[in-house]
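There are 2 protein chains.
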Amino acid sequence: MIISILGTGMVARSLAGRIAALGHQVFMGTRDKATTLDRPLGSQGGPSFASWLQEIATLQLVNLEELPQETELFINATNGSATLSALTKISDRLKGKVLLDIANPLDFSNGMPPTLSICNDDSLGETIQRDFPDCKVVKSLNTMNAHLMVNPILLEGDHSVFMSGNDKEAKEKVKSLLVQFGWQTKNIIDLGDIKTARGSEMLLPIWLRLWGVLNTAEFNFNIVRKD
Amino acid sequence: MIISILGTGMVARSLAGRIAALGHQVFMGTRDKATTLDRPLGSQGGPSFASWLQEIATLQLVNLEELPQETELFINATNGSATLSALTKISDRLKGKVLLDIANPLDFSNGMPPTLSICNDDSLGETIQRDFPDCKVVKSLNTMNAHLMVNPILLEGDHSVFMSGNDKEAKEKVKSLLVQFGWQTKNIIDLGDIKTARGSEMLLPIWLRLWGVLNTAEFNFNIVRKD
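Same order as they appear, the protein sequences are chains A and B.
1 is the number of the first residue of the first sequence in our numbering; add one for each residue after it.
1001 is the number of the first residue of the second sequence in our numbering; add one for each residue after it.
Calculated directly from the structure, the hints in this document are not laboratory data.
Certain hints may be false.
Derived BS3-like pairs: lysine-lysine, alpha-carbon spacing no greater than 25 Å straight-line [stated by the list, open to error]:
{"hint": "1", "chain 1": "B", "residue 1": "Lys1089", "chain 2": "B", "residue 2": "Lys1173"}
{"hint": "2", "chain 1": "B", "residue 1": "Lys1095", "chain 2": "B", "residue 2": "Lys1175"}
{"hint": "3", "chain 1": "A", "residue 1": "Lys195", "chain 2": "A", "residue 2": "Lys173"}
{"hint": "4", "chain 1": "A", "residue 1": "Lys226", "chain 2": "B", "residue 2": "Lys1226"}
{"hint": "5", "chain 1": "A", "residue 1": "Lys173", "chain 2": "A", "residue 2": "Lys97"}
{"hint": "6", "chain 1": "A", "residue 1": "Lys186", "chain 2": "B", "residue 2": "Lys1226"}
{"hint": "7", "chain 1": "B", "residue 1": "Lys1186", "chain 2": "A", "residue 2": "Lys226"}
{"hint": "8", "chain 1": "B", "residue 1": "Lys1175", "chain 2": "B", "residue 2": "Lys1195"}
{"hint": "9", "chain 1": "B", "residue 1": "Lys1195", "chain 2": "B", "residue 2": "Lys1097"}
Reference listing, derived: stretches of chain A covered by chain B, where coverage requires no fewer than 3 residues with Cβ under 8 Å from a Cβ of chain B [stated by the list, open to error]:
{"hint": "10", "region": "105-118"}
{"hint": "11", "region": "182-191"}
Note that beta-carbon positions come from the ideal geometry of N, C-alpha and C, so glycine has one too.
Just chain A, same shape as in the assembly:
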């Protein structure tokens, strides 16, 4: 499958590396390829994006506008605040396609911890679906650390991943990728239409507090119910 990822940050790289290792052809889209290639991977420096990229044969970095028409699945792994402008650059290619949205509308403008720039009676997932009505938006994976998204087995036992979206087939496509990552189908919870993305995005405030309290980002929500 040809999969195009919007974004080049830590979450995008975690997804890209794992999806490429699964045998898919992966494209990463950025605003400016040359700048991204030169950028160090960490906020404190370290190896460059280019050196990371050259280790993965089936992964290519391109400008957003060059993400291939043949893409079967787009993944939005940009910052929530940059999402709409990034998607606008590829709006012609989103028509009829599935877009897995893993971003959260975090607003850091008032310091830490961030608040949400959209919530309660709307969500980023719904906003994308409204702004790009011909694309099939599926919200998922936005409620956990990037390592767990693509390797749920890092945590023992059951834990949950949520899905929201209006299109059943689009959700099946995303679900099949989640299963490839290692998610058990019983732990993939379909919340319903894209409006239910409000629920998963509004998990972020407690996620951020738990991160501080537990002193690790490698934790997840499990929905415990009777069998």
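Start from chain A and add chain B according to the hints.
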């Protein structure tokens, strides 16, 4: 311990019955005692509040203004929309006392599912603490069904209850009640100060969606992490 519960709805009765059974002296406060006594327990009728009450010897129903000065722990189990006006009626008695707030600021004015009347950069827990600064507010138990609050053993295995509050001793008092209900200390997660109540209150939107999808209210969040 003398425990006073504000509210007479299903959640308040679940708490009152369990706390009385644990051997505490329980008072339930209502706006108008006579009206409450006559009210049927269910929305479709059924036995009256009075008939339920007379089965529990250590439980008394009084008007809010009559809740005893000797109360050691107040529990807010009113609807979120009625909370502040109910607390105002007993503001003189809240001074220096611990108030366990289990309410959520649900707003049903725009239909189902409800939104939150306060969220993101504020919470009901914080609002109460601001409006009644001499009282020690602890937010807890607001993220699950009333049966699970007081009988966590109804669900097998680990599942979590959150606590938020500014006062350490007040949180210890609430924690000891949670342990009496059957909560294991490892599953009681102290999120931090009362501002963290934003996180637990913002779980409600996904809770409500999960209720619909799972077809039961007897489920809970478990925070899964490495040991």
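Comparing the hints with the structure gives:
1. Lys1089/B to Lys1173/B: holds (24 Å)
2. Lys1095/B to Lys1175/B: Distance ~20 Å between Lys1095/B and Lys1175/B Cα, so the pair holds.
3. Lys195/A to Lys173/A: Roughly 19 Å separates the two Cα atoms, so the pair holds.
4. Lys226/A to Lys1226/B: holds (23 Å)
5. Lys173/A to Lys97/A: holds (11 Å)
6. Lys186/A to Lys1226/B: The hint holds at about 21 Å.
7. Lys1186/B to Lys226/A: Measuring from Cα to Cα gives roughly 21 Å; hence the hint holds.
8. Lys1175/B to Lys1195/B: holds (18 Å)
9. Lys1195/B to Lys1097/B: holds (19 Å)
10. 105-118: holds (count 3)
11. 182-191: holds (count 3)
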